[in-house]
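In the order they appear, the protein sequences are chains A and B.
First residue of the first sequence? That's 1 in the numbering used here, and the numbers climb one at a time after it.
First residue of the second sequence? That's 1 in the numbering used here, and the numbers climb one at a time after it.
No lab work stands behind these hints, which were simulated from the structure alone.
A portion of the hints provided could be inaccurate.
Straight-line distance between alpha carbons at most 27 Å, and here's what the computed BS3-like set of lysine-lysine pairs gives [as the list claims (entries may be wrong)]:
# : chain 1 : residue 1 : chain 2 : residue 2
1 : A       : Lys111    : B       : Lys48
2 : B       : Lys111    : A       : Lys130
3 : A       : Lys111    : B       : Lys129
4 : B       : Lys130    : A       : Lys111
5 : A       : Lys111    : B       : Lys111
6 : A       : Lys129    : B       : Lys129
7 : B       : Lys111    : A       : Lys48
8 : B       : Lys226    : A       : Lys226
Distance windows between CB atoms, simulated [as the list claims (entries may be wrong)]:
#  : chain 1 : residue 1 : chain 2 : residue 2 : range
9  : A       : Val270    : B       : Arg312    : 50 to 56 Å
10 : A       : Asp293    : B       : Ala291    : 23 to 29 Å
11 : A       : Gln114    : B       : Met139    : 18 to 24 Å
12 : A       : His97     : B       : Gly60     : 25 to 31 Å
Covered by chain B, per the in silico footprint, the following chain A stretches (three or more residues, Cβ under 8 Å) [said to hold, decoys possible]:
#  : region
13 : 101 to 115
14 : 170 to 177
15 : 244 to 252
The structure displayed is predicted, hence computed values, not measured ones.
Ideal Cβ positions, reconstructed from N, Cα and C, are used throughout, including at glycine.
Chain by chain, the residues run as shown.
There are 2 protein chains.
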Amino acid sequence: MTMWGTIATWRMAHDGVVDASRQLAAGGTAGDAVEALIKRVEAYEYYKSVGYGGLPNEEGEVEMDAAFMDGDTFAQGAVAGIHNVLHAVSVARALSHEHYNSFRVGAGATKYAQLQGFEMVNMLTPRAKKLWQQRLAAMRASDLSPYDGHDTVGAVTLAGNGSMATATSTSGLFMKKAGRVGDSPLSGSGFYVDSAVGGAAATGLGEDLMKGCLSYEIVRQMAAGKTPQEAADQAVYSFAETLQARYGKCGEFSLVAMNNRGEWGVATNVEFTFSVATADAAPQILIAHPAADHQTRIEPITQEWLDAYERRIKAPID
Amino acid sequence: MTMWGTIATWRMAHDGVVDASRQLAAGGTAGDAVEALIKRVEAYEYYKSVGYGGLPNEEGEVEMDAAFMDGDTFAQGAVAGIHNVLHAVSVARALSHEHYNSFRVGAGATKYAQLQGFEMVNMLTPRAKKLWQQRLAAMRASDLSPYDGHDTVGAVTLAGNGSMATATSTSGLFMKKAGRVGDSPLSGSGFYVDSAVGGAAATGLGEDLMKGCLSYEIVRQMAAGKTPQEAADQAVYSFAETLQARYGKCGEFSLVAMNNRGEWGVATNVEFTFSVATADAAPQILIAHPAADHQTRIEPITQEWLDAYERRIKAPID
């Protein structure tokens, strides 16, 4: 049987994983599948940390970061702090075809998307605007830390022909400062893939992920012979300990990895859901827990968890 | 004797290396020394790829990228596409003290610098403007590739107390598209340092450097026991070959590295000057050449080379 596979961060990626696995099963390319996966998440208005419906920065502007990498050629495209673009991942993928100017930020990134004819919309949904206004009021009333909701969608795909790809997309930290960029568009931190080895993608506090270049580190460890699970556990737990010791604190982070045989792994220092599918196993949502023995514990998601999630993301906002 | 040292990319870094080595010899910190080194380059108007006098993007705007990393704590700060700031490296260093929002791009980065009171000037010197106008005219007359002059200053410092730091600063590719970002502000690609091991910094075509995360790779190889020279040679030559094979082309790149014993190394796929100083050896400018045996050949710079360089950077522009 031809092996193919895909793995992506968070429960929100599941519908995209279903789409991508259909494409891959039908002989689709790794690049097309990973773009389709991410676009599905970007388009869904109830996911408040990615794309349409994503929460804005402290000034009320939705600023997005995204990246795309081709594991055959190492070609990369990325955008950071881009505005008004429905599918930041598609802009990143278009940029990956350029040898020069393949990473664009701010107004220059938005201008590129306009000139290339990408669909532009007002990304601030009424729901996201309400959440932003509520948070502003809450922050005025207390010294609440505004920074949460850093749930990037990151995915890795393996196509039947052995090609791999990875992509990420996020609206970043809720209430971030204007122009703040996390790990998602940064090679080696938010994503990395080498079709000769495997790929990895990250979600979590970007400021800490980039201190460790964790996606590159996981791919490197797979290249040295570790399974994706061993590589992810080794990279995540040891860096989290090092950062705690040397920096005095360590944000939350979670990484998914897949090698070029369709084997996969996940490591996290916080409860973390993800979705995975391979030629051998239908798409499923799983939940990972950090464990004291430095081996991530993974179990199926419960219907109860899924129901509560559905209620939470669609809860009315007063 | 207490060991200290510093190494930095290009001949242009030499005066900064002299400044930094004085500071380090007198017990200065790694962070202060590397910032002083980079500021010296940023302030000099005849260096047309860094700071004041740097060449603008295709729209005539000088857009700068810079980063700072503390090897003790892994704390990082970075800016990309920032405008009108005399010392982008100092803005990056200030951001490295923040746990959140430590990487800022575009208008948000410039706003941060304004609010924090950093010195702002018109970074487009008359000389740089003239060079830009000439290039525009030349591009209209032919299909000349506009992209050269990607000479980032990147430096690594080791202080007598064992602490290390690294920093980078660049105005990026001449004639780049608005918002284009290279490797310089990207952790693991443009720079990386771990005081328990060593550090590395890069210059060259950022789009290709980020495909290989070469600064992180060199530090990783030093951690595995290689000397800085072995680590740099191994990382640079093997990735250049891989990229040529897989991507079909490979831009120019050069990396400098130093470990926490003050040993240093350099590897490059193009003729490359750099400056280095340690407690054992006075500041000197050296020139590196790629070699067929995958061992970089390093020799002292000649007075003839230095004289020609001086004439070249100050040549009248009609």
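So, going through the hints one by one against the coordinates:
Among the hinted pairs, Lys111/A with Lys48/B is consistent with the structure: their alpha-carbon atoms are about 26 Å apart, no more than 27 Å. For the hint linking Lys111/B to Lys130/A, the alpha-carbon distance of about 26 Å falls within 27 Å, and the restraint holds. As the CA atoms of Lys111/A and Lys129/B are separated by approximately 23 Å, the hinted pair is consistent with the 27 Å bound. Note on Lys130/B and Lys111/A: the hinted pairing holds, with a Cα-Cα distance of about 26 Å set against a maximum of 27 Å.
For a cut-off of 27 Å, the pair hint linking Lys111/A to Lys111/B stands: about 20 Å separates their Cα positions. Our distance criterion of 27 Å between C-alpha atoms is broken by Lys129/A and Lys129/B, whose separation comes to about 43 Å. Between the alpha carbons of Lys111/B and Lys48/A the distance comes to roughly 26 Å, so the proposed pair stays at or under 27 Å and holds. At most 27 Å may separate the alpha-carbon atoms for a hinted pair to count; Lys226/B and Lys226/A meet this at roughly 21 Å.
Take Val270/A and Arg312/B: their Cβ atoms lie about 55 Å apart, and the range 50 to 56 Å holds. Checked against the given bound of 23 to 29 Å, the beta carbons of Asp293/A and Ala291/B, roughly 48 Å apart, lie outside it. At roughly 22 Å, the beta carbons of Gln114/A and Met139/B sit within the given window of 18 to 24 Å. His97/A and Gly60/B have their C-beta atoms about 26 Å apart, which keeps the hinted 25 to 31 Å range intact.
By the rule of at least three residues with a Cβ nearer than 8 Å to a Cβ of chain B, the coverage given for the region 101 to 115 of chain A holds, with 11 such residues. For the region 170 to 177 of chain A, the stated coverage by chain B holds: 3 residues have a C-beta nearer than 8 Å to a C-beta of that chain, and at least 3 were required. Restraint check on the region 244 to 252 of chain A versus chain B: 5 residues with Cβ-Cβ distances below 8 Å, three needed, restraint holds.
Violated hints, in rising order: 6 and 10; the structure is consistent with all others.
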